[in-house]
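J.: Next come the chains, spelled out residue by residue.
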Amino acid sequence: MSRELTGLYRSLAEDTDPRGLASPDVVRRHADRRARARAAVGVLALAALVGGTAVGTQFVLTAGPDTPVGPPAGTPAPPSVSPPPADPTPAPSVSSTPSALPSRTTPSAPPSAGGGPPVRTPTSIPDSAFFALAAANDTGAGAAFSDGPVLPRLCGAEPGGSGVVRQRVRAVPFKLATTPEGYVPDGLYRHSITSYRSGRADDALRELRAAVQGCPEQQIGSVTSRQKLLPDGGYGDESVLFEMRKPFLDANDEPTGDEEVRLIRAIRVGNVVTVLWEQGWEGSSSPKSQVDADSRRAVQAIRDWLD
Amino acid sequence: MRDAQSFDEFYRSTSPRTLRYGHAVAGDHGEAQDLVQEAYARAWRQWGKLASHPAPEAWLRLVVSRLATDRFRRLKGWRTAMSRTGPPQDVRPPGEDTVLLVGALRQLPANQRQALALHYLFDMPVEEIARETRVPTGTVKSWLSRGRSRLAELLPGVTSEELEVNDVA
Numbered sequence: 001m002s003r004e005l006t007g008l009y010r011s012l013a014e015d016t017d018p019r020g021l022a023s024p025d026v027v028r029r030h031a032d033r034r035a036r037a038r039a040a041v042g043v044l045a046l047a048a049l050v051g052g053t054a055v056g057t058q059f060v061l062t063a064g065p066d067t068p069v070g071p072p073a074g075t076p077a078p079p080s081v082s083p084p085p086a087d088p089t090p091a092p093s094v095s096s097t098p099s100a101l102p103s104r105t106t107p108s109a110p111p112s113a114g115g116g117p118p119v120r121t122p123t124s125i126p127d128s129a130f131f132a133l134a135a136a137n138d139t140g141a142g143a144a145f146s147d148g149p150v151l152p153r154l155c156g157a158e159p160g161g162s163g164v165v166r167q168r169v170r171a172v173p174f175k176l177a178t179t180p181e182g183y184v185p186d187g188l189y190r191h192s193i194t195s196y197r198s199g200r201a202d203d204a205l206r207e208l209r210a211a212v213q214g215c216p217e218q219q220i221g222s223v224t225s226r227q228k229l230l231p232d233g234g235y236g237d238e239s240v241l242f243e244m245r246k247p248f249l250d251a252n253d254e255p256t257g258d259e260e261v262r263l264i265r266a267i268r269v270g271n272v273v274t275v276l277w278e279q280g281w282e283g284s285s286s287p288k289s290q291v292d293a294d295s296r297r298a299v300q301a302i303r304d305w306l307d
Numbered sequence: 001m002r003d004a005q006s007f008d009e010f011y012r013s014t015s016p017r018t019l020r021y022g023h024a025v026a027g028d029h030g031e032a033q034d035l036v037q038e039a040y041a042r043a044w045r046q047w048g049k050l051a052s053h054p055a056p057e058a059w060l061r062l063v064v065s066r067l068a069t070d071r072f073r074r075l076k077g078w079r080t081a082m083s084r085t086g087p088p089q090d091v092r093p094p095g096e097d098t099v100l101l102v103g104a105l106r107q108l109p110a111n112q113r114q115a116l117a118l119h120y121l122f123d124m125p126v127e128e129i130a131r132e133t134r135v136p137t138g139t140v141k142s143w144l145s146r147g148r149s150r151l152a153e154l155l156p157g158v159t160s161e162e163l164e165v166n167d168v169a
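Protein sequence lines, in the order shown, are assigned to chains F and Z.
With UniProt numbering applied, the first sequence covers 1 to 307.
With UniProt numbering applied, the second sequence covers 1 to 169.
Keep in mind that the hints were calculated from the coordinates and are not lab data.
A virtual CB, placed ideally from N, CA and C, is assigned to each residue, including glycine.
Careful, some of the hints might be misleading.
[Unchecked claim] Coverage of chain Z stretches by chain F, computed from C-beta distances (three or more under 8 Å per stretch; other residues unrestricted):
id	region
1	5-14
2	22-30
3	38-47
4	98-111
5	151-157
Chain F with its partners taken away, still in its complex shape (with noise of 0.2 Å):
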């Protein structure tokens, strides 16, 4: 029998060759042209949903000056079809061997009340210190550890870029929690988590902040993108959120007349700072409630690590 279903399923291939796809170049097109057309959507019901308040961002700790605001639409990490790789450099876990790491506190973050234990700067940063989503979030595909930016470009500035201890990035596609199960993700976090000597955790959060200040404005390929600071407040130690904003052009380059709008945070938890790049997906971008609660996991995840 085996040789016989195997002898059916040649059969099949045999039938399924002749009847080819469609040429590279063609599909390539064909997924560009769609791309560019779904995040004219996705930035219109954006703008219903959340009032234009998403955000893009990018912690400039490894920025380049042309990393590009966001991925290109539809630039979810590759779904980690084998396990994502433990930190590269590996290094005393922290929450194994807390003896093994020196006191090191940080005289400028604030205090924990009650004059609580000195703030530990970890020397390395484990796969359990990055949230997991909630399971109406999960796509399944998984979380893809890499190399490059954590924010996006901000006129230049590197904000953050002194004083790290350790840093992985992950990329981690989501769903809403209406989307059904195994359609395309609504959205992409670029995600990191920095650790930063002591003291110099804050500095980073100040320097994004003076960053997004001083740029304003910044042209980015042919359009103009716009950065602004948002109110925030409630995540982390302290926290920034910010925005940016460019036109969104067709499959001609052409203006539409709609914005494609990213959001980013930046939380600080004592000397680790973590960053949530919302980078949306084919051009869509996810509510700011998905956002801020994605922000707070992030933060507890951290937290449980820490302690």
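Please build the complex by placing chain Z on the supplied structure of chain F, with the hints as guidance.
T.: Same frame as chain F, now just chain Z:
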């Protein structure tokens, strides 16, 4: 930056077997064309990252599998896009074996079709199928066993006992 040349090379080298897989999973050749082209379109949109992925072809199959079970997918654009490339080639109709197999596969759950296709079209062992589908090996064995038993019921001359003895690794 996405490299069109590397994508085109990847497409040309992998799309025939991905289409076979789509055919076996979707149970319809035309639908498989749509599914597979959609999967490659999504691959292209993130090619800047996917190009360095350790297993881009497995990723593609994952997308195809999901699209095949996604009742809400929107694939209508492909027919229009393909119509611009000219009329389809004249090809012979599918053979009797293919018709029988596809007809039987349509009556199997999606996960069983997926496991059987990975096993028979890609010669994957149970462990590898488990990794790709992200389920325990016991689950894969169950899918294969049940799938083959069901096929044995649906296809003349096939018995589930022979299938289990010979095929379940």
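J.: Closer than 8 Å Cβ to Cβ for three or more residues is the test here. Does the region 151-157 of chain Z pass it with chain F?
T.: Three-residue rule met by the region 151-157 of chain Z, so holds; n is 4.
J.: Count residues of the region 22-30 of chain Z with a Cβ under 8 Å from any Cβ of chain F, then say if the count reaches three.
T.: holds (count 3)
J.: Taking 8 Å as the Cβ threshold, is the statement that the region 38-47 of chain Z is covered by chain F upheld or broken by the three-residue rule?
T.: holds (count 6)
J.: Just to make sure I understand the rule, a stretch counts as covered if three or more of its residues have a C-beta closer than 8 Å to a C-beta of the chain. Does the region 5-14 of chain Z meet that for chain F?
T.: holds (count 4)
J.: Has the region 98-111 of chain Z got at least three residues whose CB is nearer than 8 Å to a CB belonging to chain F?
T.: holds (count 4)
Checked against the numbered hints listed earlier, the structure breaks none of them; every hint is satisfied.
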